[in-house]
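Required output: the full structure, derived from the provided sequences and hints.
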Amino acid sequence: MLYREAGQFKTSYGDDQAIFPIRQDRIGVAIILLAAYLAIPLTASPYLFTSILIPFLIYALAAIGLNLLTGYCGQVSLGTGGFMAVGAYAAYNFAIRMPELNLLVVFLLAGGCAALVGVVFGIPSLRIKGFYLAVATLAAQFFMDWMFSRIKWFTNYTPSGSVNAPPLSLFGFAIDTPAERYYLILAIVTVMALAAKNLVRGRVGRSWMAIRDMDIAAEIIGIRPLRAKLSAFAVSSFYAGIAGALWAFLHLGSWEPLAFDINRSFTLLFMVIIGGLGSILGCFFGAAFILIVPLALNQIPTALGIPISTAMISHLEFMIFGALIVFFLIVEPHGLARLWALGKEKLRLWPFPH
Amino acid sequence: MTATGGRRIGDVLLKVEDISLSFGGVRALSGVSFDIRKHEIRAIIGPNGAGKSSMLNVINGFYHPQKGKIIFKDIARTDIGPYDAASRGIARTFQNIALFRGMSTLDNIMTGRLLKMKRNLFWQALYWGPARREEMEHRAAAERIIDFLEIQSIRKVPVGRLPYGLQKRVELGRALAAEPELLLLDEPMAGMNVEEKEDMCRFILDVNDEFGTTIALIEHDMGVVMDISDRVVVLDYGKKIADGTPDEVRGNQAVIDAYLGVQH
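Read top to bottom, the protein sequences are chains P and Y. With the numbering used here as the guide, the letters of the first sequence map in order to residues 221 to 574. With the numbering used here as the guide, the letters of the second sequence map in order to residues 3 to 266.
By construction, these hints were calculated from the structure, which means they are not laboratory data. As the structure is a computational prediction, the values presented were derived from the model and not from experiment. Yeah, the Cβ is synthetic: ideal placement off N, Cα and C, and Gly gets one too. Keep in mind that the hints are not guaranteed to be accurate.
As a list, the in silico EDC-like pairs of lysine to aspartate or glutamate whose alpha-carbon atoms are at most 20 Å apart [stated by the list, open to error]:
hint : chain 1 : residue 1 : chain 2 : residue 2
1    : P       : Lys230    : Y       : Asp149
2    : P       : Lys417    : Y       : Glu136
3    : P       : Lys230    : Y       : Glu145
4    : Y       : Lys158    : P       : Asp235
5    : Y       : Lys199    : Y       : Asp229
6    : Y       : Lys158    : P       : Asp236
Derived contacts from chain Y toward chain P, CB cut-off under 8 Å, selection only [to be verified]:
hint : residue
7    : Ile73
8    : Arg103
9    : Met105
10   : Ser106
11   : Leu128
12   : Ala133
13   : Glu183
Below, the structure written as C-alpha cells:
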C-alpha cells in the first residue's frame, strides 16, 4: 500500500534511467544514508565499529569489485584475495617510501597497482572460460601469497614479515578512533558504490553484460572482447585493491600475507553468490549475511541465557550457518538481491493483488 | 522499378568475388561471386547446407575465406574481424536468436549503439555532464527504434522471458540500433506463424524504405522471398547456381532441380 509508484510520472529519459526511479526507494536510501552517517556514529560502541561495521563496509567494497567481474562480465575469479594483497602492500610501500603523499592518493595508487596486476592475470580470460578461468585466476592468488612473503622488499625487510600501517592522517587530521576510521571508509565506499552503479548502467556495463550473456553476438555488434574483459579485470581489481588497502590500514593495522590468503577469495565469492550475481545492492546483502549472521548466532545463546558451552556454540554456529546458506540458495539461486526485488514486486500490489 | 516505390537502387555496395571457404575437407563455398547494390533487398536462398549462413559469416568477418575478395564500399578486404565489419556499418541477426538473455529489451537495443558511444570509463563512472548527455541521446535513438518496431510495452522486460517472435523483433532492433548500411538477416522468419511473418515482412520493407538500409537476407519461405526481394542469388552445395530477379530465378531450371531434385 505504501510502496506504490502510481502518480509518479517520468517526463525525461533521465528520470527513467535514474538509479532509484521510485520515490519510496529514494526516501528509503536517504534514511539509510542518514542513519549510516549520523545515527550510527552517535550511538555505536567501539566494538560495533571495529568488528562489524568496518569489516562489513570493506567486504562489501571488495565484493562489488568481484561482482563487476564475475556477476557483470561473467569472468569467474578466485584471485580477489591476491588483488587485495596487492592493494595493501602497494599502499604500505607508497606510504612509507613517500610519506608526504595524501592518504587518498595512496589508496588510489594502490588501486591502480592492483588494476595493473589484474589486467596481467586477466589475459588468460581471452582464451579460457568458466572453471578453467577460475583455476587460472587461482594462480594470481598463490603468486601474490608467495611474492609478499618471499620478496622482502615489499615488506621493507621487516624481520617477521609482518608490517604495520604508518600513523594515518588526512588533510592534517589524525585518523585513529574507530569512528574516524568508519567515516573515512563509509565515504570511500559510498562514492565507489555509486561509481560502480554508474558504470554498470552505462556503456561499459552493457558491454560487460553482453560479453557475459553471449560473447559471439557481442563481438558481432562491435564489442571488442579483449577490451571489455580486460577493462572488467582492471576495474574489479581496482576495487579489490582499494578494499585491500582499507582492510590493511584501517581494519587490521598490522598484517602479514596470510591476511589475504585463499580463504579471503572464497569468502568474497560466497558473498557475491549469496548476495546476488550482477547486483551492486546484493554485495551489501552478501557481506552482511556472511559477516553478521555468524556473529549473531554466536551471541543468541548468551543473550537468551541458554547455558551451553562456548565450544558447542561455535559448532552450532557452523551448522546453522551452513544450513542457512543452503536454504537461501534453494529458495532463490539468484541471491538475496533477487529475493529483495521479488519482495518489492509483491509489495507493489499488496494488499490488493488484482 | 522496385517493389516498394520511393527508394532508388544505387551503385554496388558490397561485392564478393570468387569466395572459397572450406573447413578441413568440407567445402562450404566454392568460387561464389555476387554483388549487393545500395538500397536493395537481396535474398540468398538455397537448400539446407548450401552455404548461405557461411556466406553471411564471411561477409561480416566471422569466417575468413581461403580464397576470394570482399569489396565493401569500394574497399577490398580479406582478413578482418567482426569488430571491423561492425564499425564499417555491417550489422546482422542470427538464425538461432543471439540476444543477451540477462538484459532487458531496452538494454539489448542500447548495446546496438555501443559503437557510437565514445565517453570513457571515468566519465561513465561519474555519469554526469557529457556522459549523461551521451546516454540520453542514445536512449532517444533506442526509443525511436522501439517505437518503430512497436515493442514499447516490453521495454523493461528481460528478453529471456519474451516469446520467440518478439525476441526475433528485438534482435532486429538491436541490429537497427547500429544504423547499419548493410543489414544481414539470417532467416528472420524461421519458426514464425503467418501473422508474425507478415509483421516481420512489413518491418523489413519499412526499414529498407524509410532508412534506406541495404538488406541481405536468407529465408526459406519462398513466398516471402519472391515478394519482398529485388534480386535473388541461389546457392547449392556451396556454388552459385542462379542470380537475378525473382521471376528469372523462379523459371531457372537449375534452381528447380536443386529444390525438387533431379533424376540421374
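Evaluation of the provided hints:
Using a Cα cut-off of 20 Å, the hinted pair lysine 230 of chain P and aspartate 149 of chain Y holds, with the two alpha carbons roughly 18 Å apart. At roughly 17 Å between alpha-carbon atoms, lysine 417 of chain P and glutamate 136 of chain Y fall within 20 Å of each other, so this suggested pair holds. This hinted pair checks out: lysine 230 of chain P and glutamate 145 of chain Y have alpha carbons roughly 15 Å apart, not beyond 20 Å. At most 20 Å may separate the alpha-carbon atoms for a hinted pair to count; lysine 158 of chain Y and aspartate 235 of chain P meet this at roughly 14 Å.
Restraint check: the Cα-Cα separation between lysine 199 of chain Y and aspartate 229 of chain Y comes to about 12 Å, which is no more than 20 Å; the hinted pair holds. Our distance criterion of 20 Å between C-alpha atoms is met by lysine 158 of chain Y and aspartate 236 of chain P, whose separation comes to about 11 Å. At a threshold of 8 Å, the smallest CB-CB gap from isoleucine 73 of chain Y to chain P is about 20 Å, leaving the interface hint violated. Annotation: arginine 103 of chain Y was flagged as interfacial toward chain P, and the flag holds, the nearest CB pair being 5 Å apart, inside 8 Å.
With 8 Å as the threshold, the beta carbon of methionine 105 of chain Y comes within range of chain P, its nearest partner Cβ sitting at about 5 Å, so the hint holds. Interface hint status for serine 106 of chain Y: violated, as the beta-carbon distance to the closest one in chain P is roughly 10 Å, over 8 Å. Using the Cβ-Cβ criterion of 8 Å, the hint placing leucine 128 of chain Y at the interface with chain P is satisfied: the shortest such distance is roughly 7 Å. For the restraint placing alanine 133 of chain Y at the interface with chain P, the shortest Cβ-Cβ distance is roughly 7 Å, inside the 8 Å limit, so the hint holds.
Checking glutamate 183 of chain Y against chain P by beta carbon gives a least distance of about 14 Å; that is not within 8 Å, so the hint is violated.
Figure legend: structure checked against the earlier numbered hints; hints not met, in rising order: 7, 10 and 13.
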